[in-house]
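J.: Each chain is listed here by its residues.
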Amino acid sequence: MSTFELELRGITKRYPGVLANDAVDLAVRPAEIHAIVGENGAGKTTLMSLLYGLFPPDEGRIFIRGEPVHFSSALDAIAAGLGMVHQSFKLFPTLSVADNVVFRQEPTRRGLIDRAAGADRVRELADRYGLAVDPEAVVEDLPVGVLQRVEILKALYRDAQVLILDEPTAVLTPQERDKLFEVIRRLRDAGRTILFITHKLGEVMSISDRVTVLRNGRAVADLMTAETDPAEITLHMTGRAVDLGSRAPEHQPGRVVLEVDGLTVIGGHGRPAVTDANFEVRSGEIVGVAGVAGNGQSELIEALCGLREIDGGSVILSGQDITDADVAGRRAAGLAYIPEDRYGVGTTRQASVADNLLMGHHLSSRIQRKGWFDRKAVAKLTRRLVDVFGIKVDSVSRSVSTLSGGNLQKVVVAREMEYGAPLLVAEQPTRGLDIGAIEFVHGQLIRFRDQGGAVLLVSAELSEILALSTRILVMFEGRMVACLDPAAVAEPDIGLYMTGSHLEAAVG
Amino acid sequence: MFEQILDTALFDSATRAMVPILLAALGGMICERAGVFQIALEGIMLTGAFAAVAGSYLALSSGAGVIFGVAAGMMISLVLAYGTVTRRGDPIVLGIALNLLAMGLTGFLLPQLFDVRGVFQHARIDGLDRLPIPGLSQIPWVGPVLFDNTVLTYVALLLVPALWIFLFRTPIGLRLRGVGERPLAAETLGVSPTAYKYGAVLASGALAGMAGAQLSLGNVVQFAENMSSGRGWVAVVAVMLGRAHPVGVVAAAALFALAEALGFRFQGNGLPVQVTDALPFVVTLIALIVARKRFARLLDLTTAG
Amino acid sequence: MASRVLKELRGISERALVSPVAFSLVFAFALAAVIVAVTGGNPLAAGEEMFTGAVTGSGLRNTLGRAVPIVGMALAVSVCFRAGTFNLGGEGQMVIGGLAGTLVAIYLPGPGALIVPLALVTGAVVGALWALLPAYGQTHLRLPILITSLLLNYVARAITGYLVRFPLADVSVTLATTRQVPETARMPKMPVFGGVSLSLLVVVALVAVLWMVYGRSVAGYETQMAGLNMRSARYGGIDVERRTVEVMAVAGAIGGMIGTHLIIGEALRFIDGELVLSGFAWTGLLVSLLAMNRPIPVFVTGLFFSGLQIGGLAMQRNAGVSWRLSQVLQAVVIVAVACRLAIRRSDRPSTEAGESEASAVGEV
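Chains as they are written, first to last, in the working numbering: chain A, 1 to 508; chain B, 1 to 305; chain C, 1 to 364.
By construction, these hints were calculated from the structure, which means they are not laboratory data.
Keep in mind that the hints are not guaranteed to be accurate.
[To be verified] Lysine to any residue pairs mimicking SDA-like chemistry, simulated, CA-CA at most 20 Å apart:
id, chain 1, residue 1, chain 2, residue 2
1, B, Lys293, A, Arg271
2, B, Lys293, C, Thr139
3, A, Lys370, C, Val213
4, A, Lys200, A, Arg185
5, A, Lys376, C, Met212
6, A, Lys380, C, Gly215
7, B, Lys293, A, Arg308
8, A, Lys380, C, Ser217
9, B, Lys293, A, Gly270
10, B, Lys293, C, Glu241
11, A, Lys200, A, Glu32
12, A, Lys200, A, Ala490
13, A, Lys392, A, His442
14, A, Lys370, C, Asp239
15, A, Lys370, C, Trp211
16, C, Lys189, C, Leu201
17, A, Lys370, C, Gly220
18, A, Lys370, C, Gln224
19, A, Lys200, A, Ala293
20, A, Lys370, C, Val209
21, B, Lys293, A, Thr94
22, A, Lys370, C, Met212
23, A, Lys200, A, Asp434
24, A, Lys370, C, Val218
25, A, Lys376, C, Ser217
Please work from the sequences and hints to get the whole structure.
T.: And the structure:
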């Protein structure tokens, strides 16, 4: 009998040009909460996908309770008692909670699905582990925190002994996170093993029993949480001391650049997504918008940038009313925009680097006359942007699909900075980037601010908002519920606003 | 005036007009549920019509004809499944090309195999007989309209509740819908999207092939070039209009069929054939405009964003 | 020696296999040969007739003549496909515009130098107006052009069929047809290869214009970017709806002009159903797909497909194999190309792509 619930030995996975996992060893004891930490790109998700049978490792072996196992699909992993809660939920939006949970292991009666039996089983599991959820509810109507519970229920329904949680807190408020931690502890106390993947040190310290650190695809440390501290883990994670938490030097805000008054936006299903939003952004300041994903931030940004209809209120940019202007009109009035989805919106995959850099500038009189391009001016512009922003590409006629995520974001940032617009809207500008690229983007935002630009920054990363913002607006259910000074507020307090616990607070 | 137009004969001809559209649309519905955009129904129906006549002519049996039609439909749909599912080709490009392939292939084989042009009629072609259902066919109004028809008519009508139960009450149906909605999610639970999509496309091929057989052995007993004449496209619209739900699909198919039957009737009353031929398409276009809110997904599929 | 030849052959075949178009062509011809053999014909003889029929004797003239509508309709559809607009209504636009242009040629008196251009322009305007119906349907009512433009083909057939059968019918003949286009209002022929329609020059000019517009103009850039990724184009300030309406109008105009040419330059009468039967709109669509919507490849591919059809007719006369085989060939080429290598027409961010993208955003 092995002392390990789960053991990985020498797991290696190569992608063209990348060694995603390099001879990784991992040993997980039964009924422990085992954290796996590492920066973005350290190989955490690849390792978990290999473990879950989504694709095979190039080398190495997996043991469960001492038995060697070979997974050719997720199904094998499920059969072996593994359950996975993915970072992006794998749920069917139009199906009910119960249908999502029982999917492929449906209780049947005379060949037909036994709906009542399925719902009962879901309710029973939910009660036992404190996962409040209505089995009859349709998934697309549920908030993110509940979706995560559905994912956990799916794993428990399949009797998972080992539960893998991939960055489970990324979408949660601090309060929801604490509730999740309770559930996790309860599961451990019931004898289940938890693999907890994260890049947040605070969570490692507060929830895990043991921690494995990944760096550049290698497992570089295996520590008892009680015997280590954040500094030691950081050192293992980065190989150097990094201080992302340092605040940018203060600047004196200047004139009002963006003035939003009573903005109301109707979202999907005809419900208001943004209600009566009032705020302003001045030159020389970064205004951060905090909030749990899905509380109207996307709709707010889309409405500001002309991609969504405005149903009430006004938007004034540098004294010009742009409430009814189209995208081109807004850009002409001085709006630059780094969108959240740099793959689907910020760039066009099959188009060249040059064509992507040109987008939006293509109407500028510098490079075209009466609808015909000045090819020399176009080449000059794209070459300069590539040089100034250090975009790594051998030729601007290359398709952007060949660029890495960080390099692609440089294309977007370079293009948007080139407008010389007084206002920059940045939506999740660093999501999924490695540390080097994050530092680049942050540096650009600060440089823009120091040159007198006004920045509206939306981010799901509270730490990013806290580190960069001059002021913080908190959104909850489509409303601006607070305007806070980052120097005078603590993370948990922002969390209270994000969950709507301080609805009476006025917006400044 | 209305009494002259609205009689059992009208609804009887509407039923006959409906069956091919309904069969093809039910096939399209299964594909839609499995997340495959199926616009090759027109070509599959045409191929099925040709194969059914050929099979009936060769084997002297309408049953063999239907089997030929179904098999031919499945062969075309197999190409579609291979192209879109295995090769990840563009379903719209493939659908259009397969429709044109069916047009060319039937147009080529007609003179090549039977030495005729345009229309193929022969005493050897065994048509589908009307099989009145004892008892039910005696019911006034409903009986002659629904229960005195070809066996494929009964198949089509029975498929409506059968597919409703299949999609919404059986494990396989649930998994099919899951595959259509989120293939990756289904895959992580061990349901192979590839297998389900192949199954759905093949089923649609069988049904659209059967629709062709009804066209060339049931509604008439002959093959005419291009005889599907847009019915497959009407079926595509019926799937969207019916929100890929069996009840909605049958309602949409009935609406279009009624328009076609009314067209025939007006033709008898002296309206030019060119005008009455356009009636089902005009009704389809109007239905599209009236129910346009339902087409967001189709629009997303057929535009680049 | 033998092994060297074999090695050389393998090298060539491997290179050919790498190109999906070459592979698809080989595949389509092989399949066509099998079909001919199975249906009782001689594939080699058929192939020979097809080739000689397309390029020898009057074949070359006919190939160039038929290339006019094929390339023209291909250019029309390419303008739309390139911009991500799935216009399947080429047939209707050609038929409606064609009838309108023909009426000008028949009923308007005047010198040919005035009437012929006027007929072409009328055909273009009416074709464009017809194409605007599905265009506005999509931009204002959110009805997919793919479906509406196709359904409108049947309506266009009915309208023109009714008009030439009743109000505009030439009662002196049994056919449902208009009167003949008077001699002065016909499209002149150029004295090359035994008489090729002047319209060929119009089509060549169109190729040149589109090539310039696509490569060098803001309009070309905006339509291309809208076709590749509509969301990104919108975000960049491109008015996608306006561009959709524009490309539809251009496609309809080209279609109407080609329809007019087919009557005043070739058939001389608008006979009910004949334009539809020719299938030029659909052949053009296949040409555009194979040429990936680029003007110069469209021209070359259009010539090739035209040769296939002319050769097919010769094959039918001399080898007893129906010319419809060339239609089969054309469609098989596209099916094969679409299967071997997806003709990516858009960066469609479906829910599924969203999912995989979300994980791509995560980490490697």
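J.: So if I understand the rule, the pair passes when the alpha-carbon distance is 20 Å or less; does lysine 293 of chain B with glutamate 241 of chain C pass?
T.: holds, 18 Å
J.: Are lysine 189 of chain C and leucine 201 of chain C close enough, with their CA atoms no more than 20 Å apart?
T.: holds, 11 Å
J.: Holds or violated: lysine 293 of chain B and arginine 271 of chain A, Cα atoms, limit 20 Å.
T.: holds, 17 Å
J.: Take a quick look at whether lysine 380 of chain A and glycine 215 of chain C sit within 20 Å of each other, Cα to Cα.
T.: holds, 17 Å
J.: Straight-line Cα separation of lysine 376 of chain A and methionine 212 of chain C no greater than 20 Å?
T.: OK: lysine 376 of chain A and methionine 212 of chain C at ~16 Å, within 20 Å.
J.: Would the hint linking lysine 200 of chain A and arginine 185 of chain A be met if the CA-CA limit is 20 Å?
T.: With Cα atoms ~18 Å apart, lysine 200 of chain A and arginine 185 of chain A stay inside 20 Å; holds.
J.: Just to be careful, I want the Cα atoms of lysine 200 of chain A and glutamate 32 of chain A compared with a cutoff of 20 Å; is the pair within it?
T.: holds, 19 Å
J.: Straight-line Cα separation of lysine 370 of chain A and glutamine 224 of chain C no greater than 20 Å?
T.: holds, 18 Å
J.: Tell me if the straight-line CA distance from lysine 392 of chain A to histidine 442 of chain A falls inside 20 Å.
T.: holds, 19 Å
J.: Are the Cα positions of lysine 200 of chain A and alanine 293 of chain A separated by 20 Å at most?
T.: holds, 18 Å
J.: Would you mind confirming whether the straight-line C-alpha gap from lysine 293 of chain B to glycine 270 of chain A stays at or under 20 Å?
T.: holds, 13 Å
J.: CA of lysine 293 of chain B to CA of threonine 139 of chain C, is that 20 Å or under?
T.: holds, 13 Å
Against the hints set out earlier in the document, no violation occurs for any number.
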